[in-house]
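Given the coordinates of chain A, assemble chain B onto it according to the supplied hints.
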Amino acid sequence: MVDTSANQLFDLWKKQLEEGTQAWARLVSQQVPVAPTPDPWAFWRPVLDQGLQTWAKLFAQMPATPDLLTQWKQFLDQWIEAWSKVLGQTMGTAEFARVMGQTLDSFLVAQAPMKKAMDQQVEQALQALNLPSRSQVTAVAKQIVELEERIERLEDGISAILRRLSDKEPK
Amino acid sequence: MGQERLADIVERFTHGFAAAPPTASPETIKQWQEELDRNFRRLRNLHAMVASPAEPKTGPTPREEIYKKNKSRLYRYGSSRRYKTPLLFVPNLGISRPYIFDLLPNGSFIEHMTREGFDFYLLDWGVFGPEDNDLTVDECVTKILPRMAKKALETSGASELTVLGYCMGAPVSACFVATHPEIPVKNYINMAGPIDFSKVGLFGLWLAKEHFNVDRFVDTFGAVPADMVKAGFKLIKPTMDLSTNLNLWWNLWNDKYVEGFQALNKWANEYVAFPGEFFRQWVRDFYQDNKLYRGELVMGGRPVRLSNIACPVFVVGAKEDYIAPPECVRALVDAVGSAEKEYVELPGGHISLIAGRGASLHCWPKVSGWLAPRS
Chain A
75 MVDTSANQLF
85 DLWKKQLEEG
95 TQAWARLVSQ
105 QVPVAPTPDP
115 WAFWRPVLDQ
125 GLQTWAKLFA
135 QMPATPDLLT
145 QWKQFLDQWI
155 EAWSKVLGQT
165 MGTAEFARVM
175 GQTLDSFLVA
185 QAPMKKAMDQ
195 QVEQALQALN
205 LPSRSQVTAV
215 AKQIVELEER
225 IERLEDGISA
235 ILRRLSDKEP
245 K
Chain B
38 MGQERLADIV
48 ERFTHGFAAA
58 PPTASPETIK
68 QWQEELDRNF
78 RRLRNLHAMV
88 ASPAEPKTGP
98 TPREEIYKKN
108 KSRLYRYGSS
118 RRYKTPLLFV
128 PNLGISRPYI
138 FDLLPNGSFI
148 EHMTREGFDF
158 YLLDWGVFGP
168 EDNDLTVDEC
178 VTKILPRMAK
188 KALETSGASE
198 LTVLGYCMGA
208 PVSACFVATH
218 PEIPVKNYIN
228 MAGPIDFSKV
238 GLFGLWLAKE
248 HFNVDRFVDT
258 FGAVPADMVK
268 AGFKLIKPTM
278 DLSTNLNLWW
288 NLWNDKYVEG
298 FQALNKWANE
308 YVAFPGEFFR
318 QWVRDFYQDN
328 KLYRGELVMG
338 GRPVRLSNIA
348 CPVFVVGAKE
358 DYIAPPECVR
368 ALVDAVGSAE
378 KEYVELPGGH
388 ISLIAGRGAS
398 LHCWPKVSGW
408 LAPRS
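Line order of the protein sequences matches chains A and B.
Numbered by this note's numbering, the letters in the first sequence go through residues 75 to 245 in order.
Numbered by this note's numbering, the letters in the second sequence go through residues 38 to 412 in order.
Here chain B stands alone, though its shape is the one from the complex:
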């Protein structure tokens, strides 16, 4: 038949092993004992994860709700408030929940910034329902953001504020800063936020006009269901789950790793839907027509000109970011009218730029270091 049985292969393998028996030193035996011990701990942790999964506690930094508008909330975090200029953090709307920025004690961006003494405000856009399907990007820029900024100024007692946009929150907040000169913005920071959508990578290609009919999509579903959002993000990196699970098995013996994994895994699987009209405008004006970068966008009747942003600007791109590649983030530096502007490209991906151990080494000190003398 010409077919070799698996048993024959195994036989050759074991024969080869037996032909030259290795001599195990005490050091090797000790190493194997340690490995065996790790495997026991792996099994124990696996059993605990499967048999009695504990809900990971996230968001440890104390905060108070300052204001709420429909589903959106403005939170102010406890800090020594060493710096008088409040910092308004604007994350992405939809996709995921913002507790990734305050995930675990001794390892979150918000905790770092509050420890440094910044008066930190988080805009949590919330989880929108079908009643919010008419919400547009325009309304976020002209109604929600100005109100949140005013509330931050009122409660802090400051005359100016810093705006920090992350991911989708960056282009949205850039639109706000560019169209609202009456709100005194002292500094603007863009972290991994796409600006030039002609360089936005895979999503840009998939959502291009010739491939994606956004009208049909929104008209059919009304909103973008969380499962669809999940499918899109899983597709952009199909091997992610495999490597995540492999790394989990490898580190399963480590209780600290398991704790972090559970918190991160909870966040990574909690996708949030997009309001239909928001998604329509987001895809059409930003991804398909690149109106923000081209200066053709109009919000609340006001033209959005990035060159109107004149305050000091700090832009942070991530080297391995496949959602907002560095070149589309960097574009803000050339587009703004600020005299003082700086771009840094740091190691990490879209999420690991701002969350995780790498971020605590590379990103957080850079951001707080840039902002401190300007606050």
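Chain A on its own, in the form it takes in the complex:
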């Protein structure tokens, strides 16, 4: 019974997806709206209607147990997984990568001069307030990192000398 219901739900989902896609295709292809008043339910009605009918049928055929919720969860999981696959396929195309790359590039082209101007202004403002700027603090931090490097090299050198000395010591 549970398997049949799950299959019914899955068939219903497939039908909904197909009809939904067709409805979207119709909506997109319409040049001039035919209906005088827009109907916001036009796309969702077949989906909702079929869903409710099936659920009504299921409720009528068998006692309503929490299994129905489990089936609903499975249905949602499958729905998300299906969308994930569709999106994955779309994002895996060279065209998507090209568009994304172009969008990012345009953003960076616009962002670079703005960021530079902003950084300069902030730098000047901090200088006027007699406060250290980010770049000055960063420069100090870099010097500390370099000092740490030097100390490490000295440590290595001292360890090497000590090792050599201990090797030379008569046993």
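Don't take each hint at face value.
Unchecked claim - Computed footprint of chain A on chain B; a stretch qualifies when at least three of its residues, placed anywhere within it, have a C-beta under 8 Å from a C-beta of chain A: (1) 66-75; (2) 164-173; (3) 244-257; (4) 272-281.
What the hints assert, rightly or not - Short, incomplete list of chain A residues facing chain B, as computed with Cβ under 10 Å: (5) G162; (6) A186; (7) K189; (8) T212; (9) V219; (10) G231; (11) R238; (12) D241.
In short, the hints are calculated from the structure, not lab data.
None of the values given here were measured: they were computed from a predicted structure.
Each residue gets a CB set at the ideal place from its N, CA and C atoms; glycine is no exception.
Just chain B now, kept in the frame of chain A:
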């Protein structure tokens, strides 16, 4: 108008339901009572999560800091140290924090390995700031990693060590092992680490030369901000948040699940920035030019030849890994010069390969089982 009202649909639905009233057995009533009870617990936990969010405690395995270099730290974990060869674990740099490997008691990779008796060292690369923007992959391979390996050898008193690279840590540590024959590496393990970047999936496509100008990106931002890293990883699986929240609602009645979710959620939303020059070299040499696999990479003046890795090698790929697909991980087996090498492909994704319940069943015993006789 030809439009049907929602009320009409509901009316038909309720009529259909009323036409054949179901008979509820005592068993069904009991099931509904249980469901109702779960819903109360869901609401209670939801209220607790929203009204008084508790900071989840992570990293329960005791450890001590052995060494620190700039932002990077080397930690040694407490264990019986049954095996004398220390294990140096090299995770990814940037992206996320390494406490995912020691997330909660009774359920972490580090805890498993220390319980098994391995002398476990973790290299925590740290969170880099703008002062580290000049750090390169080269420096990680030739300066940080050799020092950490030496410190692990010194403190353990062992003459050899095992290196385990996970995710990005695998190609980085493979470069280190291949270019530093003076560091005695006894075994090398790659877990979900991409090697052949021509097979690296969506990121490989998005970061390809013809689509992504890495120079412009790094020159503009200086580093790769954590928000950008987050955006990239959210984009690669856009339905992830939806299914995560759906699963949370479904399991919200379960206190144990909620505890695990909070810890994992904390980690999953704590993204870490990349140093600019590191990202530039990483994208250009690894993703765009695939220099590691082609044998064209040079680090610290030394050519990186994966065929120079001659120790026993164990490679673990995850079947549903969309960040490092199994075929790009598996490539290491063919590239190394080792006589003893093995590849296994396990269920799970990039993270669930090493963290979570599935990992405790499939992955951890495999890794410890392979390593034990060689340690």
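Each hint, compared with the structure:
no.	hint	in the structure
1	66-75	holds (count 4)
2	164-173	holds (count 5)
3	244-257	holds (count 9)
4	272-281	holds (count 7)
5	G162	8 Å, holds
6	A186	5 Å, holds
7	K189	6 Å, holds
8	T212	5 Å, holds
9	V219	5 Å, holds
10	G231	14 Å, violated
11	R238	16 Å, violated
12	D241	17 Å, violated
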